[in-house]
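Listed below, chain by chain, are the residues.
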Amino acid sequence: MKDLLFGLIFIALGLAVWLMAREFPVVPGMQYGADFFPTLIAIGMAGGGAVLSFNALRQLRTEGAGKTAGFSLPSMALLLPCASVVAYIYLSEVIGAAPMMLLIMLTLLIQRGVRLMPSLVISCVATAIISLSFGHLLKVPLPVGPLGF
Amino acid sequence: MNELLDGILLVFNFQTLLVILLAALFGVFVGAIPGLSATMAVALLVPITFAMDPTAAIAAIITTAAMAIFAGDIPGTYLNIPGTPASAAYVADSAALGRAGRAREALGLNVTCSVIGGLTGTLVLVMIAPSLAEFALNFSSFEYFWLAVLGLGSAVFISTGSAVKGFLSLMVGLLLATVGLDMVTGAPRFTFDVPDLMGGINFIPVMIGFFAMYEVMKLYSMPRDKANGQDATQTIAPQHGSVFGMVPTHLKRYWKNVIRGSSLGAFIGALPGAGADIAAWICYAVSKKRSKTPEAYGKGHVEGLVDAGSANNAAVAGAWVPALVFGIPGDSITAIVIGVLYMKGMNPGPTIFMDNSAMAYGLFTAFFVANLILLPIGYLAIRSAHIFAVTPTRVLMPIILCFCIVGAFAINNSLTDVWIMLVCGIVAYLIANADFPIAPAILGLVLGNILETNFMTSMIKADGNLLAFVERPISIGLALLVLLVALFPVLAKYWRMRYPRALPSPKEAIE
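Keeping their order, the protein sequence lines are chains A and B. First residue of the first sequence? That's 1 in the UniProt record's numbering, and the numbers climb one at a time after it. First residue of the second sequence? That's 1 in the UniProt record's numbering, and the numbers climb one at a time after it.
Please keep in mind that the hints were generated in silico from the structure rather than gathered at the bench. It is possible that some hints are incorrect.
Cβ pair distances, simulated, as ranges [what the hints assert, rightly or not]:
no.	chain 1	residue 1	chain 2	residue 2	range
1	A	M76	B	L25	32 to 40 Å
2	B	W495	A	A87	45 to 53 Å
3	B	F14	A	P146	35 to 43 Å
4	B	D355	A	L19	39 to 47 Å
5	A	L132	B	N80	52 to 60 Å
6	B	L25	A	H136	16 to 24 Å
7	A	A16	B	L480	34 to 42 Å
8	B	L181	A	L19	48 to 56 Å
9	B	L430	A	M20	15 to 23 Å
10	A	E23	B	N347	28 to 36 Å
11	A	C124	B	L380	52 to 60 Å
12	B	L5	A	L116	53 to 61 Å
13	B	N13	A	P146	40 to 48 Å
List time: in silico DSS-like cross-link candidates among lysine-lysine, alpha-carbon distance up to 25 Å [claimed, not checked]:
no.	chain 1	residue 1	chain 2	residue 2
14	B	K493	B	K289
15	B	K256	B	K226
16	B	K292	B	K226
17	B	K226	A	K2
18	B	K344	A	K139
19	B	K292	B	K256
Each residue gets a CB set at the ideal place from its N, CA and C atoms; glycine is no exception.
Produce the complete structure using the sequences and hints provided.
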């Protein structure tokens with residue numbers, strides 16, 4: 001089932017890549033332009049996707065739908081790390097990199113059932129180490145918030 | 001001679017040695033914690049190495065990789081959870097020894113074999129790479145095109161799992177490689193008008209996304225009770241005996257295995273696309289097949305441990321041969337390394353031993369030092385193994401996520417790289433969840449530009465005549481090699497039919 005889905009996704013992706021590659025400018029007199037490799041990749045993706053979905057369909061037919069439908073949804077917590085990264089991208093300029101990291105770590109630790117005090121200590125120490133090592137030793141311009149760090 | 005001395009001096013100074021020591025401790029720590037792989041250790045290290053001088057940066061990466069591959073055996077032995085995929089081949093044996101209270105003996109033997117394997121791999125690198133580079137000076141764009149195809153082909157066909165999925169994963173990597181200005185016509189491709197994407201996608205955020213962000217997401221996708229349950233079950237059987245006491249006896253008995261494992265491991269590592277984990281699997285299988293007591297394997301027998309334990313460390317060094325000489329990575333660690341080499345102005349390729357000979361010798365020296373430091377640090381790690389058992393991943397993952405964000409940002413001080421890291425993490429999670437291998441995508445990203453540029457140059461040179469690709473003697477040899485690699489699954493199937501149980505099934509190899 002998963003394979004069928006991914007096969008279809010790859011076919012769609014291949015088509016999209018092919019459509020976009022057709023827009024690339026052509027240099028007169030050259031047999032192969034900027035669109036040549038992307039087109040090959042598009043064909044590869046669509047072809048591979050077709051083989052994958054075909055195999056998945058054949059398996060579905062021989063084994064029956066019940067056996068291969070092993071779709072178990074992952075825990076919703078999966079979205080938490082992704083949301084944290086997005087939040088960092090948009091908010092670090094506003095409230096500063098260090099407070100943002102502290103918030104991210106605290107949220108993630110508590111979500112995994114670490115108690116409040118240990119979470120607080122771990123996040124503070126880790127934030128201090130990361131901002132000092134990157135911000136001061138490696139001179140990375142991490143955004144500074146209104147609190148001054 | 002002078003360059004050799006210069007190279008050695010580049011490593012034997014206080015700063016570089018301190019970096020090596022710190023990198024060793026970092027490597028042991030990351031390698032010994034299940035779920036954190038050697039590649040992840042290297043990917044997280046790269047942003048930190050930016051401020052260092054080239055030799056120190058490369059030495060740090062070499063040491064971290066060597067340490068992490070050995071350290072993966074520590075939780076494998078104590079807890080039956082391999083710390084890195086390269087330790088998975090013989091985890092049944094080492095865990096059985098651990099349950100019998102012989103963990104220190106097993107790990108002592110393991111660290112010794114790792115050192116011997118690592119040194120053998122380094123010797124192979126030192127001896128083969130310069131002469132191969134001299135040979136490679138004759139290569140033109142045709143040969144480089146075939147080399148790139150060979151690397152990509154091995155990644156798809158020799159790597160574990162389904163070939164179709166490997167191929168699709170490769171296509172994802174190749175597609176990522178086309179982003180940016182086209183090198184021949186100068187047309188922007190897939191940049192979506194984002195100026196930061198004009199120069200192409202930076203390797204490092206992609207690696208951090210694929211190997212570190214992905215692991216964080218994997219932990220959070222598990223229900224909380226299940227993930228925490230894994231931490232709680234970590235109990236260690238009481239241990240006795242000294243670390244190195246039994247090593248001479250075992251080595252005397254199995255010295256042939258050490259030699260076989262090290263040399264075969266270095267060779268497999270040098271193949272593009274096959275890294276330490278595949279080397280360990282193949283050497284374990286060979287060892288079992290050649291052994292007088294194959295029935296004892298998997299029940300706490302040290303013979304397979306000797307073979308595979310030396311093989312995985314030998315492969316770490318072997319993988320540097322194609323990386324340095326051709327700029328074609330042998331495994332995912334060297335894929336990261338190639339990016340670092342370019343950024344440090346140490347462009348990989350056959351001329352590296354002429355333009356940068358002092359640095360190349362420095363690199364060899366760093367390999368020797370890194371493998372020798374494995375003994376003392378490894379000993380300390382074995383004696384304090386309980387630390388790794390009580391460090392739960394649920395505490396580490398949030399910290400790693402922040403490292404990922406800041407590390408990806410630090411490369412170009414650009415938030416676009418953080419976006420790339422996030423997207424790659426999500427893509428890696430989605431495709432790995434559907435049993436797609438990740439290594440081909442990485443190789444596709446690294447080799448995509450080499451492949452395309454050399455193809456285009458060759459086509460312009462040959463005026464569109466495809467036959468020119470097989471007209472030169474070396475290029476036709478390489479083309480035949482590509483064909484052989486493409487036939488590998490068929491040959492392996494035939495081999496498995498004739499000699500059942502000789503090779504482990506690919507499914508097991510992924511676990």
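We went through each hint and held it up to the structure:
1. A/M76 / B/L25: 32 to 40 Å: holds, 37 Å
2. B/W495 / A/A87: 45 to 53 Å: holds, 52 Å
3. B/F14 / A/P146: 35 to 43 Å: Since B/F14 and A/P146 have Cβ atoms about 41 Å apart, the given range 35 to 43 Å holds.
4. B/D355 / A/L19: 39 to 47 Å: holds, 43 Å
5. A/L132 / B/N80: 52 to 60 Å: Hint violated: Cβ distance 38 Å, outside 52 to 60 Å.
6. B/L25 / A/H136: 16 to 24 Å: Once the Cβ atoms are compared, 21 Å apart, the range 16 to 24 Å for A/H136 and B/L25 holds.
7. A/A16 / B/L480: 34 to 42 Å: holds, 36 Å
8. B/L181 / A/L19: 48 to 56 Å: For B/L181 and A/L19 the Cβ distance comes to about 20 Å; the hint is violated.
9. B/L430 / A/M20: 15 to 23 Å: holds, 21 Å
10. A/E23 / B/N347: 28 to 36 Å: Given range 28 to 36 Å: holds, Cβ gap about 33 Å.
11. A/C124 / B/L380: 52 to 60 Å: violated, 28 Å
12. B/L5 / A/L116: 53 to 61 Å: holds, 58 Å
13. B/N13 / A/P146: 40 to 48 Å: holds, 43 Å
14. B/K493 / B/K289: Holds. B/K493 to B/K289 sits at ~17 Å (cutoff 25 Å).
15. B/K256 / B/K226: violated, 44 Å
16. B/K292 / B/K226: violated, 42 Å
17. B/K226 / A/K2: holds, 23 Å
18. B/K344 / A/K139: holds, 18 Å
19. B/K292 / B/K256: Holds, at roughly 13 Å.
Comparing the model with each numbered hint stated earlier shows that hints 5, 8, 11, 15, 16 do not hold.
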